[in-house]
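Respectively, the protein sequence lines represent chains Z and H. The working numbering puts the first residue of the first sequence at 1, with every later residue one more than the last. The working numbering puts the first residue of the second sequence at 814, with every later residue one more than the last.
It should be emphasised that the hints constitute simulated quantities derived from the structure, not laboratory data. For clarity, every value in this text was computed on a predicted model and none was experimentally measured. Take the hints with a grain of salt, since some may be wrong.
Claimed, not checked - So these bits of chain Z aren't anywhere near chain H, every CB distance computed over 10 Å: (1) 100; (2) 267; (3) 482.
What the hints assert, rightly or not - Output of the computed footprint for chain Z on chain H, the stretches with three or more beta carbons under 8 Å from beta carbons of chain Z: (4) 866-878; (5) 954-965; (6) 1002-1011; (7) 1034-1045.
Cβ coordinates follow ideal geometry from the N, Cα and C atoms, glycine included.
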Amino acid sequence: MNHRAAVPSESELPLRRTRVALLLVSAAAIGLQLSLMRALSLQLWSHLAYMVIGVALLGFGASGTALTLLRRRVVANKRAWFAALLLLLAGSVLLVPRAAGWIPLNVQFLAWDRSQAAGLLALELMLLVPFLLAGGAIGVALLDRSDRLGGHYAANLIGSGAGAFGAVLAMHVLTTGALFTALAIVALVAAAVVLPLRRRFVGGLAAVAALIGAVAYGWPWRPAMSEYKALPGYLDMPGTEILHQVEGPLGRIDVVAGPAVRHAPGLGLGFAGEVPPHVVVLNDGDAASAVYQVQNLADWRFMDATTRAAPYHMVSGRPEAPSALIIGAGGGADIGLALHHGADAVVALEMNRQLVDLLTGPLRARGGEAVYLDPAVTVLPLDARGYLIRSVRTFDVIQLPPVDAFGASGAGLHAVQESYLYTVEAFGEMLDHLSRGGVLCITRWARTPPRDELRALATTAAALRRRGYEPAEHLALIRNWATATILASALPLAAAQIEALRAFCADRGFDLCYLPGLARDEANRYHVLDTPLYYDAAQALLGPGRDAFTAGYLFDIAPATDDRPYFFRSLPWTALFALREEFGAHGRAFLELGALMSAAALAQGILVGLVLIVLPLVPLGGGLRGARRRLPTLAYFLLLGAGFMLLEICFLQKLILYLAHPLYAAAAAIAAFLVCGGLGSLSTAGLPLGRRAIVATSLVVVALAAVAVVGLDRWLALSRGAPLGARLAIAGLTIAPLAFAMGRLFPAGLAAVGRAQPALVPWAWAVNGFASVAATVACPLLAAEFGFRAVLLLAVACYLLAGVSAWRLTDAE
Amino acid sequence: MRIARCFVLWLLVSVAWGLGAPADAYAADRPAPRTPARQAERNRMLDVIRRYGMTDETVLRAMAGVPRHEFVPPAQARSAYADTPLPIGHGQTISQPYIVAEMTRLLRLTPQSRVLEIGTGSGYQAAILAEFTEHVYTVEIIEELAAEADQRLQRLGYDRVSVLHGDGWEGWPEHAPYDAIIVTCAAGQIPPPLLQQLKPGGRMVIPVGPRYAVQSLMLVEKDLDERFRSRSVMAVRFVPFVSERTGADR
C-alpha cells in the first residue's frame, strides 16, 4: 500500500483538492478586487479603481518575492502553508474593508496636503494584505511538480474568470458588505478543501468560521462615504431623507428628498419662475439628477431657460411635431423639455436599468410617470452607440446632455475613464440619424478657461469633415454662465434656423459664440470674458489654422476618437509645467485627480516592483545568488505579464463599443481570456513544451495579435448590428485562439524554468505579477497619449521579445 | 553672567528673525489686528497674495487683521496661513487665502454696504467682510457649523455679524436688498431668490469649480434696469494661448 498516496504529507499537495482550492481562491481574489473597486467608488470615487488593480497585482507580485525568500521552508511544508494562507485570507477579506474605513483620507486634497499621501499609502498597505495572502496561496501551489503546473495554472485562470462573472452576478443580489462575507466564505471553503486533518488546522478552521459569523453579524460593513460627495452634503441639510436605495454592478442609487434639496443646474440668470418640486437621484452618492413632479407640460418651462432648449427653437418652424432622441435620460428632465416643445415621438436611452425601474416603479407618482411612461416616450435601457448602429430611425433633435456632474468635470475625476459617447465616430453616427434639417445638441459645462466644451466643438467639426461637410456652415455654439451648447446639422444651417437661434439667445441673455455670419462684436455680451475667447477659439477650430491652435492651447482640445476615447482628459502631461508657469501654486486647482492617481499608482508599482524583483538577487536576500538564467527568466516573464494585460485590456476596450455595454464587455473579455487561456494552459499539462515549441507559440500570439492590430476594428464593425447573443459568440470566438495560445506560454515557461532552475519559479511568478501591475495601470495612460492601436502594437512587441528570450530559458532539448 | 548670555542670545535670535522675515509693507497704515498672534505668518500670507497680483490695499489690510488660524479646526491650525484651501468638516472648506481676497475685492465694499454671505462655514469670510462694513449677514444650512461660527465670531469681537441657521436658497429677505452677495455655487445653479434680493447696481460673487479647488470666480452684476450681466474672472491671470505667451507655436 502506498501510504503517501492515501494520506499526503504536509510537504505534498493533493492534486484534485489543490486544483479545487486554486479555483476557489482565484475566484475569491478577482471577486475581492471587483468588490473593493465597487466599495471605493461608493466611498470615494471611481478613479481609485486603478489603485485597487495596482494593489492587487502588487500583492501577487510581492507574494512571489516572499516565496522566493522562504522557498525552502515552504517546500518542506507546502500543504500546511497553503491551508494557513487560505485561512488568513478568509479572515482578512472580512476585516480589511472594515478597518480601511478608519483611515482618515480626503483624497481631493492630495494636491494640496502632502499628509494625504500618507493616508493613501496606509490604505494601500491595508488593501495589500488579502492580495498578498491570495497570491501567496496560489504561489505555493505553483511550487508543485513541474508536470502539474499546466493544470494548476488552468485552475487559476478558470477560477479567475468564474470569479469575475460570479462577482458581477452577485452584485445584482448582494450588497457590497454581503459580498465581502460571501468571498470570505469562499476562501474558507478553499481552506477546508486542502486542510490537513490535524487538530491545529481544524481548530483554525473553526476559529476563522466563528470569526466570519461574528464579524458579519456584529460588525456590519458600512461605507464611510467622503463628505465631499453630494449625498453626505444633502443629508447634512435639515429634513433630508433617503427615500429609496438600490445597489447593483453599475453603482448604488440613492433617492433623496427634503425641503432644502434642490437641483436645476444650468438655468439662465434671467429665469425668475418656479422649479417644480423634485427629488434627487444620486449614483454612488454623487452625479445627481432630478426627477421633477410636474402637473402639466407648462411646468417644464424652467428647462426652456437652459441652453439645451435651443434645438427645439431651431426646428419649431416645421408643420409637424418634432421627434427627439435623448441620450442618457437620467431623471427625465430632457424628456420633459422635448414634451414641453410638443414632441410626439421621444426615444430615451438610459443604460442603468435600476434607474429605469425606479422611475417606472417607486418614483412613478413623484414624476417618473410624466416622463418615462408618457405615451409619446419609448425608454430603452441601451447604450447610445449600440442603439444608433442598429436603428434606422431619424430624429429632428438628438440631445446629448452633460453626463457628468458639474463639479466632476472640473476636478478631472473621469480623466482616465474612456467614453465612446464623445468621439468623432459617435458624433458622426448621431449626425447620420438626424432628419433633414434636424439638429444635434451637445451640451457641456462651461469652464474657465474653456476645455472640454472646445474639445466637443472640435470633435463635432471633425465628424462633419469626415462626412464631407464644411463645418463652418453646419455649426453653432452658444453659452450661458453654466453651460456651452454645440448645435450641428447635416445640412448647412438655414437662415430661419439662424434667426431662431439669435432670438432664443437674445430673449434669455445667452451668448452667441459661433454662428455662420456672426461678427466678433456680437459675441461675449452677457456672460463676459476678458476677451471673446469662445468666438476666437471657434473661428480658429473651424478654420485652416486649427492644428496650430490646438497644439498651442494649454489644455488638450484635440478631437477624441474611438482609438483615443479619453474626452474627459484635458490636461496633457506636457502642460503640467505650463500650468505651474501660468497659475503658480494655484495651478494645483486644475490638476486632474484621475490621471494623477493612475500615474502615482504606476510609479509606485514600478518602484516597489523593482525593489522586490531585485531583493532576492542581493547577497543578503538569499535564494537566487547562484542561480543561472536569471536574465532570460526575468525578460520572459516580464514581457509575458505586460503583454497579456495589454492585450486583454485592449480587447476589453474594443468590446465595450462592440457589445455596447461595459459590463458585458468586461464579462466577455475576462471570461474569454481566462477560460480560453486556462484551456491553453491545460493543454500543456503533462506535456512539457521545449524551447522550440515555446518560441513557436509566441510567434503564433504575435501573428494573431498583429492581425488584430490591422483588422480587429473592421472585423467587429461587420457585425455591430447583430443581436447581442451573436455578438457575444463572435467576441468569444475572436478571442479564443489568441487566448488559447497566450495561456500556453506561462505554464510552459514556468515548467521549463522548473526543470532547469527550480529556485527561480516563485521569482518568475513575482516578476510576472509586477509586470501585470505596471501594464494594467499604464494601459489607459498610454492609450490616452498614443491610442489603443499603439498599445496593441506594444503588446505584439512584448510577445515577440518574449519569444526571443524563451530561447535562453532552457538548454536545447 | 547667565542672564547676559541669555540676553545676547535673545538679541541674536531677534536680529536673525528680523532679517529673515519678509518686509512688512502694510505695517504703517494697518489697523490694529484683532490678535497679534501669528502676525508674522499673516504677513507672509499677504506676500503670497500679492504675488498673485493683488494690489488692493484695503483688502490686504482686512486680511492682515483677521486671525485665520482661529477659523480652522485644531488639526489644521499649523497650515492656517498656507497657500491652500483647508477642510473644516461637513464637506466644507475654507478657501485658499488668495481666493478669499479676490472675492472680497470683487464685491467693492464700502462701510455702508449691506452684504449677504451664503454658506458661513467657519465664519472666516464673514470676518473679512466685517472689516469693511458692519452690515454683514451670513446664512449657514448646517446647524453645527452655524452655531460654531456664531460663537467664534462673537468671541473674536465680530459681534455685528448676523448669523442665521437656515436655507441659503431663500437668502435672508428680511435684510434685503443687498449691495453685495457672496455665495457658494452648488452643482451649477444660482438660486433665483438671491438674484432678486440683490440691489440694482449690486454685485454677486460666486466661486466656481470643485469645492476644494476654486478654478474661477463669477461676478454677477444687476443693472439699474434690473437686468443681469455676468463676468467670468480667473482667480489668477490667464493667457489661454501658449503661442501668444511664447511667441511661437508648440
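So, going through the hints one by one against the coordinates:
no.: 1; hint: 100; in the structure: holds (20 Å)
no.: 2; hint: 267; in the structure: violated (6 Å)
no.: 3; hint: 482; in the structure: violated (5 Å)
no.: 4; hint: 866-878; in the structure: violated (count 0)
no.: 5; hint: 954-965; in the structure: holds (count 3)
no.: 6; hint: 1002-1011; in the structure: holds (count 6)
no.: 7; hint: 1034-1045; in the structure: holds (count 6)
Taken one by one, the earlier hints fail for this structure at numbers 2, 3 and 4, listed in ascending order.
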